[in-house]
Amino acid sequence: MIFVLFGVSAIVFYLARGFPAAFAPWAQYITFRMKPSQIDAIIKAHGFDQPLYIQYWFWLQDVFHGDWGFSNWANGLPTYNVFASRFPFTVELTIAAVIFTVAIGVPLGILSALKNNTAADHASRIIALTGYSTPSYWFAYILQLVFFYYFYTWGLPNLPSGGVISQGLSGAVPAVTGLPILDGIIAGNLAYTADAFAHVILPAFNLSFISLGYLARIVRASMLEVLKQDYIIMARSKGLSERIVIYRHALRNALIPAMTLTGLFVAGLLGGAIITETVFSWPGVGNVSLRAVFQGDSNFILLYTLVTALIIVASNLIVDVMYVFLDPRIKY
Amino acid sequence: MSALTEQAVVSDTRQSETKAKLAELKYAIYLMRQNPLVLAGSVLVVFFVLLSLIATLVVSPDSASLLNFSRSYCWGSSTFSWTSLEAICPAGTNLPLGTDGFGRSVLDMIILAIPLDLAIAFVIVIIATAFGLAVGSVAGWVGGKFDEVVLRITDIFFAFPGLVLALVFAALFGRTIETLTIAVLLVWWPTYVRLARGQVLVEKEKTYVEALKSLGAHPSRIVLFHVIPNSIYPIIVQMSLDIGGVILTFSALMFLGFSPSPTLPELGNLASDGIGHVFTAPWLIVFPGLTILVIALAFNLVGDGLRDILDPRLRR
Numbered sequence: 001m002i003f004v005l006f007g008v009s010a011i012v013f014y015l016a017r018g019f020p021a022a023f024a025p026w027a028q029y030i031t032f033r034m035k036p037s038q039i040d041a042i043i044k045a046h047g048f049d050q051p052l053y054i055q056y057w058f059w060l061q062d063v064f065h066g067d068w069g070f071s072n073w074a075n076g077l078p079t080y081n082v083f084a085s086r087f088p089f090t091v092e093l094t095i096a097a098v099i100f101t102v103a104i105g106v107p108l109g110i111l112s113a114l115k116n117n118t119a120a121d122h123a124s125r126i127i128a129l130t131g132y133s134t135p136s137y138w139f140a141y142i143l144q145l146v147f148f149y150y151f152y153t154w155g156l157p158n159l160p161s162g163g164v165i166s167q168g169l170s171g172a173v174p175a176v177t178g179l180p181i182l183d184g185i186i187a188g189n190l191a192y193t194a195d196a197f198a199h200v201i202l203p204a205f206n207l208s209f210i211s212l213g214y215l216a217r218i219v220r221a222s223m224l225e226v227l228k229q230d231y232i233i234m235a236r237s238k239g240l241s242e243r244i245v246i247y248r249h250a251l252r253n254a255l256i257p258a259m260t261l262t263g264l265f266v267a268g269l270l271g272g273a274i275i276t277e278t279v280f281s282w283p284g285v286g287n288v289s290l291r292a293v294f295q296g297d298s299n300f301i302l303l304y305t306l307v308t309a310l311i312i313v314a315s316n317l318i319v320d321v322m323y324v325f326l327d328p329r330i331k332y
Numbered sequence: 001m002s003a004l005t006e007q008a009v010v011s012d013t014r015q016s017e018t019k020a021k022l023a024e025l026k027y028a029i030y031l032m033r034q035n036p037l038v039l040a041g042s043v044l045v046v047f048f049v050l051l052s053l054i055a056t057l058v059v060s061p062d063s064a065s066l067l068n069f070s071r072s073y074c075w076g077s078s079t080f081s082w083t084s085l086e087a088i089c090p091a092g093t094n095l096p097l098g099t100d101g102f103g104r105s106v107l108d109m110i111i112l113a114i115p116l117d118l119a120i121a122f123v124i125v126i127i128a129t130a131f132g133l134a135v136g137s138v139a140g141w142v143g144g145k146f147d148e149v150v151l152r153i154t155d156i157f158f159a160f161p162g163l164v165l166a167l168v169f170a171a172l173f174g175r176t177i178e179t180l181t182i183a184v185l186l187v188w189w190p191t192y193v194r195l196a197r198g199q200v201l202v203e204k205e206k207t208y209v210e211a212l213k214s215l216g217a218h219p220s221r222i223v224l225f226h227v228i229p230n231s232i233y234p235i236i237v238q239m240s241l242d243i244g245g246v247i248l249t250f251s252a253l254m255f256l257g258f259s260p261s262p263t264l265p266e267l268g269n270l271a272s273d274g275i276g277h278v279f280t281a282p283w284l285i286v287f288p289g290l291t292i293l294v295i296a297l298a299f300n301l302v303g304d305g306l307r308d309i310l311d312p313r314l315r316r
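Quick mapping for you: the protein sequence lines, in order, are chains C and V. With the working numbering, you'll find the first sequence wraps up at 332, consecutive numbering, no jumps. With the working numbering, you'll find the second sequence wraps up at 316, consecutive numbering, no jumps.
Hints were generated in silico from the structure; no laboratory data involved. Beta carbons are placed, not taken as given, at the ideal position from N, Cα and C, and that holds for glycine. Mixed in with the good hints there might be a few duds.
[Claimed, not checked] Negatives, chain C to chain V, calculated, CB over 12 Å:
#, residue
1, A84
2, Q229
3, A235
4, R243
[As the list claims (entries may be wrong)] Chain V stretches covered by chain C per the calculated footprint, using a threshold of three residues with CB under 8 Å from any CB of chain C:
#, region
5, 254-262
6, 271-285
Produce the complete structure using the sequences and hints provided.
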């Protein structure tokens, strides 16, 4: 696990610092007011005059001291602060997207398993396949077009096309957690909460549309597998109602693989959905990372890839542990 | 005692194998005809491949560079404006899908873009598969240290957040089609290494491999002519499922602004033309995106169906 993080950081470091496309690598650490002697001191302090592998060593030292450098394009704020101020938005979007995915994907999977090889099954398969054949940037604009623009022109209640909160309401409640919906609830501001909720629907649905198909297919496959097991036949022959057999006996075991997949979704989404966040001008880390890439901000890219890699690796671990916890048949 | 050569055994088993394969194939075709979705997907795939072969005959490739700002047929259009140098017209009689910001027919540009996107997707998937087979099968066969190293390297690449590696790579090495292709490849190769490795590990334990080994067949011969052909089905399924994914990723890079030229007819690039005009000229973004969706869906339908057909456990 540690090895993976070192590998990720080394690759990104080599790419981002080894080929300074537009800026010198130390450009991130200096300001306009610095004298040449000060700049030289900074170059020395971070090892920018040394070969790349020694620079990596200097960078590692900085990182372990909690110094991630600065992001010039964000008014020279420390990179860590830029990341930390954006991360809650990504968390909110992730939670909403996962709720959508599970709420639609699991019933869809169950339906298509119970009605195996019927029209309902085929329909669910088409929805699933369409989900992962859809270009997310395109679907995001389609959602905006329909639910914002067309609904607006038809005079229907419409959803906002982007952002986290309406202009007039921004800053209306104190940022306690950083998640707009949660902040609204804590402050007891109903209008703020509702507005934040309206803003999250479209981007969250866009994200979940791509992943719910996978989930539905997994639930379907494991449900079919479980329904063939002996204990289901046993439960049926005991005379239990079909409802209890399916929801009490079958579903619980069928959902274990779905849990794994959901865990991986969470990890992937916490890494910031670059495309969705960009199209919906959602100020999360994915959105900022795209800007950082275009601005040549190697500091942010390094922090961002490292944190997301950590999340992915950690969630793999958690999923493995959960698996043992949920399924007593598995023993390590 | 007759000399049992590898050749003799192989040709013997091969005959019965061919028969079995033929029966398998017949059954697979029967299953495919049972499944209307796969059929629809295959028809669409064939259609798109044929279309991309004749695309340059249908639409002159020069029309991509013929920028027509005359706007003469844009009179009365709601998006018509004298101020910006744009020639966006809605659909008309000789322009079924309207024109883009350069005054080119959107339909023509989509037809021109399909061969490029398909070719890039095929190239990426084939290179990734070849590399994956080469590295993965050796790792699976040899095991030990080499296997461990390969596994750890794929671990690193799996821990990367999706697009980021491709984005960084594309941003650093310039906006050409070649760099973008390499950028997508960088994201895609580990899957195939893992897949090929897993397949070889399974096949390695089977008796026919043991028979070949005892006959003194060279490991490279066993892997190349026996193990890989026997484990090719899951890889083919993965390839057909990935064509769609690769097109999505590649066009997303184009869409996010890594296009080498704004006039390049590529589906993601065409769609990105419409970013500023989503509400005024939706056809700019709707139709190229829809084309990507249909192409990806076609390949996914085929891949999904193939998986069911080739995996006997899923046959019901």
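Find the hints from earlier in the document that the structure breaks and name them by number, from lowest to highest. none
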